[in-house]
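Participant: With the hints as a guide, dock the two chains, each given alone in a separate frame, to form the complex.
For the protein sequence lines, the chains are A and B, in the order given.
For the first sequence, the residue numbers in this note's numbering are 1 to 52.
For the second sequence, the residue numbers in this note's numbering are 1 to 674.
In short, the hints are calculated from the structure, not lab data.
A portion of the hints provided could be inaccurate.
[Claimed, not checked] With beta-carbon atoms standing in for the labels, derived distance ranges:
1) A:D45 / B:T560: 51 to 61 Å
2) A:A38 / B:N19: 20 to 30 Å
3) B:P561 / A:E35: 33 to 43 Å
4) A:L43 / B:P561: 46 to 56 Å
[What the hints assert, rightly or not] Straight-line alpha carbon distances no greater than 16 Å define the calculated EDC-like cross-link-like pairs of lysine to aspartate or glutamate that follow:
5) B:K529 / B:D499
6) B:K266 / B:D206
7) B:K350 / B:E336
8) B:K174 / A:D32
9) B:K169 / A:D33
10) B:K174 / A:E35
11) B:K529 / B:D541
12) B:K350 / B:D332
13) B:K124 / A:D32
14) B:K124 / B:E111
15) B:K352 / B:E336
16) B:K112 / A:E28
17) B:K532 / B:D499
18) B:K170 / A:D32
19) B:K350 / B:E334
20) B:K174 / A:D45
21) B:K124 / A:D33
22) B:K124 / A:E35
23) B:K112 / B:E48
24) B:K112 / B:E49
25) B:K112 / B:D135
26) B:K169 / A:D45
27) B:K395 / B:D474
28) B:K483 / A:D32
29) B:K352 / B:D332
30) B:K352 / B:E334
31) B:K616 / B:D474
32) B:K170 / A:D45
33) B:K266 / B:D646
34) B:K124 / B:D135
35) B:K383 / B:D499
36) B:K483 / B:D499
37) B:K529 / A:D45
38) B:K112 / B:D54
Quick caveat, the model's predicted, so the values are computed rather than measured.
The C-beta atom is built at its ideal place from N, Cα and C for all residues, glycine as well.
Chain residues, written in single-letter form:
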Amino acid sequence: MSILFILLPIALLLGFSFLGAFAWFAHEGQFDDLETPAHRILLPDNEEKDGN
Amino acid sequence: MPRGQALLNTEVSRPAVLNCVHCGAVVPHSIDSLFCCRGCERVHALLEERHLTDYYRFSNSRNKKPVQWTDDDFSYLDEPHLNAGYLRGDGRQMHFYLEGVHCAACIWLTEKIPQFLSDASHVKLNLSSSIASVDRSDSGSFAAIAREFARLGYTPHAVASDGSQIEQKKENRKNLTKIGVAAASAGNIMLLAIAGYAGATGPLSDTFRWASFLLFLPTILYSATPFYRSAWSALRRFSISIDVPITFGLILGSAVSLGSLLTGSKHVYFDSVSSLIFLLLSTRYLLRGINQKSLGSTQLLAHVVPLKHLSIGEVCIVGAGETFPADGFLVDGESEASCSVLTGESQPQKIKTGSSVFAGTQNLTYPVSIQVTAIGSNTRVAKILSLVEDGLYHKTSIVTLMDQVGKIFSVGVILLSAVGFIVGLRLGIHEAVNRALAVAIVVCPCTFALATPLAMGLAISRCAKQGIWIRGADILERLSQIKTVWFDKTGTLTQGRQDQLRPDAVAAVTGIRGLGCTIQILSGDRPDKVKKIALELGIPDHHTHSNSTPEIKGQLVQSTPFGLMVGDGVNDTVALASASVGIAVAGGMEVSLRAAGVHLSQAGVMPIYRLLVIAKETLYVIRRNLAFAIIYNVIGIGVALTGHLDPLFAALLMPASALTVLLSTLVGTEKLRA
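For reference, chain B alone in the conformation it holds in the complex (with noise of 0.2 Å):
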């Protein structure tokens, strides 16, 4: 019999904590259900009438939320002036971007669909990226696809085919390409190197050399390449990056190797440049998984407002339960609809005919005609995300650490090797050219290069673990210098509409003011509730707005440096966007991803104060991954100076300091691990 139904049958009493049966999400008492929402039990029917229940053995209940159900029927998919931009190979595929894909048994369940439905031919799942690829039969419908997975609980975004997703595809194939062909050519120049290093000597040794040699000639040829043209652009600004002394080692490491080995010296250096470009290439490639595709503003459009073939001036019916495809006004019928999607207003608005409308905001009781007065770029859920669009183009540049330190290490390598140059002239010419190439030879920039990617990568793979997605690699040292946090009220400090403050709202709070920031509340809803709230949590009045549109936040965030905004809906994209940085919270809107850099997968308030707390730390452990590598620097360069330099000596140096700052980024690290 169904799981369900079984458990109904046993004559016991409720216990204190029931769990959803689908996905298992405590029960609030108040609904007398074995489901947390109908989204749940909708999903689990339909498993149970297609014998699916396997789903439940494969899948992990850790991660799972609540379906977020849509009746969306996804008829633009079809049509062909509106899905031309989705459409990919040759009109046979689409990918979709699936909410509340987690585990392998939605991989299960989702390319198990075209056993069920004769429109679908192939599905393909990308756990990583949530993406479905989805080929289509001869005569299939997309739309019809798009709400097989909607049924299943999985509510799905086409995804724009534009070129830049193939672009970034074949720019990672080339750049592992890259990394593979380095890391073979660094291995096997090592191996040759030991011969050497262990007193090699004769015709032999010479063969190792050469040997060394051409299997250096890809790396530094093709492997390096990204170096070249960073330092390249930086340069072609006047400006100078990280990349700039990066390439002068690169050139310089090789152009001096080269002269040894034709006038038959040993100082070749060819191992420590291979495993130095092997070394940053990966490190670089591991960190750009960060920086994730994003959406554009015609696609955030379409998941806010149901695409319909509207003019203006036409009369259309919008269903109970139904999303605005427009702005308008009511022409006939009577109903509550609710903005707070839009405003953040928690009450339901009464409309009758005559009240105007919004695109993206949901008619609740009954069905009304309305007649449009604006359509898709003109409505003004669209002027509020073009606004988005705006402040995520205009957000304050920070100069990060690296950037300083770049500066810093590009001079500081020139000078030192004057000052080489000047303190050998006192032994001739070419000591004196010999010492000024050795410092700019043993100059470590694969120390500097790493210390800020590996703590950062560790930083956010950790917040990862926690549900906290930070999509910005300039997100962490942004976030451990918030002075402000600005919080949304409606579904980020409470829960849902109307239930109250959530249960560690006044934790965090305290916990972030106990930081050094500010905290203050902006919110669309009435004073008297927001009034309430602030009074729970201790923030005064003058750190509370209410009656705020969307664009007064925005211009509130923007008035305050170095602030924080967090928030949920439509009404919060603009503040999300302006701020230095957004956390969009578990349960927002779609749109709300986009203008937001950070984005929270569990409920609650804690894992901001969480993140406040990691950012700072990882910062401290940067500087500390700094500080190792200058001193090994000043080891180096006093080696280099006092004309000791040799190919061995090099070897070893970039290892030892990689290793350094490895271990104090992976054991010095409690906070983060916590």
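Isolated chain A, as found in the complex (with noise of 0.2 Å):
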């Protein structure tokens, strides 16, 4: 069970580290709106113009 000293560190570390994904991913707006692009990926390729 000794095992565990070093699984906890690990494992937290792992799970902060997504917590950190999620919270600069917040900071970027990427869960403003949650709703359109679920529509917009069904819909066929609207070409933007300069690739913007």
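Facilitator: Below, the structure is given as structure tokens:
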């Protein structure tokens, strides 16, 4: 069971790196609009000018 | 061949019910066309011309309305002294609220605009807010882009770029992060706690407890700060909100747990406190979306009156079908004007040289020249809109159930802790402190704090599915207390300007009367027309008011407490803002949306009756939830007072109570489901 002393920090590190990613995505506005992208993927490609 | 043409070519007699080719609405028999209106016909022609008829493939016909056509030229969007309040980024970006956006096809269509219009380099639509973010090209014109939206059938309204929306967005993102941190913390702490409950002992379980503490720190120091801030601002005003006992419980729970940790005891409550924080934060976040952003007065004015740079004494020409841009009087020409937007008068008024005209009303038949007497905020319509602001500001606030419960709760916690202390004194000061703290920890503000938001959230989303948009958290509670319902006549009880009573009006009015409400008609129209409608609805003379100006409507509504106002035009806005609750009906003017807390997107009077029923049932569910909360607290406090509280019990009590409230809200609501 002493393996848990190593596993615990590793698991927490993994978990918190995902938390960090979540915080970064939230900051970048990925979660601002959760409804529209769901519709957008079902539509045929709208080529955007200038590759914007 | 074009879709419309193919249909016309088939030699079939006209079916009993014809649906508009573009929007699917029923085409009245009096109109000999495949479309319900010119707006739909024009958009359909445009789509065919550009080979964009795939639009019909992607669109879903639910919630579709006939196109509201506008002939505005939006030139003010390109004029430096008029458009400053709308520019974003480095002057290349603008946000537009689009009317009539409802499905994937609209995303497809609007985001394709850059392919047809060189003025636009990028368009991105947000379906939930109906706001399109537009980037213009180097030499592009925002007015051209706005006209393009209009041509496609989506009347655009430029959104002011004041800082408030950016603030709101940042606030939302921060709250989301706080929830994420709380969730990660709570989840991991709970995993570690299971070991303890399962009987783990020794250095491993000590390590787990310390790890729980470390995981707990970000939650209590970062995620929970909104509660501390709210509690502090309430205390500063010498009042108590529900956040005060919540903060009290959080801090006490953390302190006791830290103390136990340092003395080697097993009584740590990190799992309960962190999941409490997570639950409270997430329910509040979900409900925050209700209080929508609203338009400022100057923006509202722009929606009613085309913004043109005019000065007093200037003479300008107003074409047929155009809106008068300022208050003034005719100097040349003869025509008819429709003042229904301002006064509710259904008949067009003849105007000739010398007649007064008002900004926001429409010139119907022939072009005329007017001399300007008042512009901008000095026009009659602007004065009415400022009354709206006043009405909203001074709207009587109600003490919600939550506030009342919060106060009783806070006082109760302190009293019961004192009782625990006294009871424990028999066994010594140590036990006394333990019992007092146990009471404070186990008292579950979670259930009280969940009871209202859960039921409200459910009611509001169910209403949204029926096309009823509620814009404030206290609206449902106000609706459940309504005693008088004020109806505007034109456009609300009647269809359009002339066409007669709406088909469901009688049934709706009877239903509302059955709920115990008094019904009154408030109209700016002539007495004989108003009496005719009142007769059909069974409304007595003393409850019928005609020739009412917007100001009079506002005063009448204000004179009766617990009033519900239902209207559609500028002439209703003061009343809508002054009433306890204002409902803006489908097809109403944009300005009435600002003044009203509820917006109906489907035509008809029945939704109002349904809304009142839903509100009453929601309040019933809230009271039931609060009853459950009290029961759980009684159990918990009983256990704490008798000295039997331990972390396992606390950890089980909270999810049990939360689950009960959740089931009570979701399962026990038939009328909300109908």
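Participant: All the hints need checking, so say for each whether the structure fits it.
Facilitator: Against the structure, the hints come out as follows:
For A:D45 and B:T560, the hinted distance range of 51 to 61 Å is satisfied, since their beta carbons lie about 57 Å from each other. For A:A38 and B:N19, the Cβ-Cβ distance of about 28 Å falls inside the hinted range of 20 to 30 Å, so the restraint holds. At about 39 Å, the beta-carbon gap between B:P561 and A:E35 stays in the expected band of 33 to 43 Å. Distance hint check for A:L43 and B:P561: the Cβ-Cβ separation is about 50 Å, which falls inside the suggested range of 46 to 56 Å.
Only pairs whose Cα atoms come within 16 Å are accepted, and B:K529 paired with B:D499 is accepted, the gap being roughly 12 Å. Of the pairs offered as hints, the one joining B:K266 and B:D206 holds, with about 9 Å between alpha carbons and a cut-off of 16 Å not exceeded. Only pairs whose Cα atoms come within 16 Å are accepted, and B:K350 paired with B:E336 is accepted, the gap being roughly 4 Å. Proximity of B:K174 to A:D32 is assessed by CA-CA distance (about 11 Å); at most 16 Å being required, the pair is judged to hold.
Distance check on the hinted pair: B:K169 and A:D33 sit about 11 Å apart at the alpha-carbon level, within 16 Å; holds. Of the pairs offered as hints, the one joining B:K174 and A:E35 is violated, with about 20 Å between alpha carbons and a cut-off of 16 Å exceeded. Between B:K529 and B:D541, the direct Cα distance comes to roughly 13 Å. Compliance with the 16 Å bound is thereby established for this hinted pair. Using a Cα cut-off of 16 Å, the hinted pair B:K350 and B:D332 holds, with the two alpha carbons roughly 14 Å apart.
For the proposed pair B:K124 and A:D32, the alpha carbon gap of about 13 Å is at most 16 Å, so the pair holds. Taking the CA atoms of B:K124 and B:E111, the gap is about 6 Å. The hint holds against a cut of 16 Å. For the hint pairing B:K352 with B:E336, the CA-to-CA distance comes to about 8 Å; that is within 16 Å, so the pair holds. Between the alpha carbons of B:K112 and A:E28 the distance comes to roughly 25 Å, so the proposed pair goes past 16 Å and is violated.
For the hint linking B:K532 to B:D499, the alpha-carbon distance of about 13 Å falls within 16 Å, and the restraint holds. A threshold of 16 Å between alpha carbons decides the hint, and for B:K170 with A:D32 the separation of about 10 Å falls inside it, so the pair holds. With a C-alpha separation of about 8 Å, the suggested pairing of B:K350 with B:E334 holds against the 16 Å cut-off. With a C-alpha separation of about 33 Å, the suggested pair B:K174 and A:D45 falls outside the 16 Å cut-off, and the hint is violated.
For a cut-off of 16 Å, the pair hint linking B:K124 to A:D33 stands: about 11 Å separates their Cα positions. Distance hint between B:K124 and A:E35 is fulfilled; the C-alpha atoms sit about 13 Å from each other, no more than 16 Å. With a CA separation close to 15 Å, the supplied pair B:K112 and B:E48 stays within the 16 Å bound. A C-alpha spacing of about 15 Å is found between B:K112 and B:E49, which places the hinted pair at or below 16 Å, so the restraint holds.
The suggested pairing of B:K112 with B:D135 holds, with an alpha-carbon distance near 13 Å, which does not exceed 16 Å. For the hint pairing B:K169 with A:D45, the CA-to-CA distance comes to about 29 Å; that exceeds 16 Å, so the pair is violated. As the CA atoms of B:K395 and B:D474 are separated by approximately 12 Å, the hinted pair is consistent with the 16 Å bound. Our distance criterion of 16 Å between C-alpha atoms is broken by B:K483 and A:D32, whose separation comes to about 39 Å.
Between B:K352 and B:D332, the direct Cα distance comes to roughly 8 Å. Compliance with the 16 Å bound is thereby established for this hinted pair. Of the pairs offered as hints, the one joining B:K352 and B:E334 holds, with about 5 Å between alpha carbons and a cut-off of 16 Å not exceeded. With a C-alpha separation of about 13 Å, the suggested pair B:K616 and B:D474 falls inside the 16 Å cut-off, and the hint holds. With a C-alpha separation of about 31 Å, the suggested pair B:K170 and A:D45 falls outside the 16 Å cut-off, and the hint is violated.
Pair hint B:K266 plus B:D646 holds up; C-alpha atoms about 9 Å apart against a cutoff of 16 Å. A hinted pair counts as satisfied when its Cα atoms are at most 16 Å apart, and B:K124 with B:D135 qualifies at roughly 9 Å. Using a Cα cut-off of 16 Å, the hinted pair B:K383 and B:D499 is violated, with the two alpha carbons roughly 31 Å apart. A distance of roughly 30 Å separates the Cα atoms of B:K483 and B:D499; the hinted pair therefore is violated under the 16 Å criterion.
Annotation: proposed proximity of B:K529 to A:D45 is violated, straight-line Cα distance about 54 Å (limit 16 Å). For the hint linking B:K112 to B:D54, the alpha-carbon distance of about 12 Å falls within 16 Å, and the restraint holds.
Hints 10, 16, 20, 26, 28, 32, 35, 36, 37 from the earlier list are contradicted by this structure; the remaining hints agree with it.
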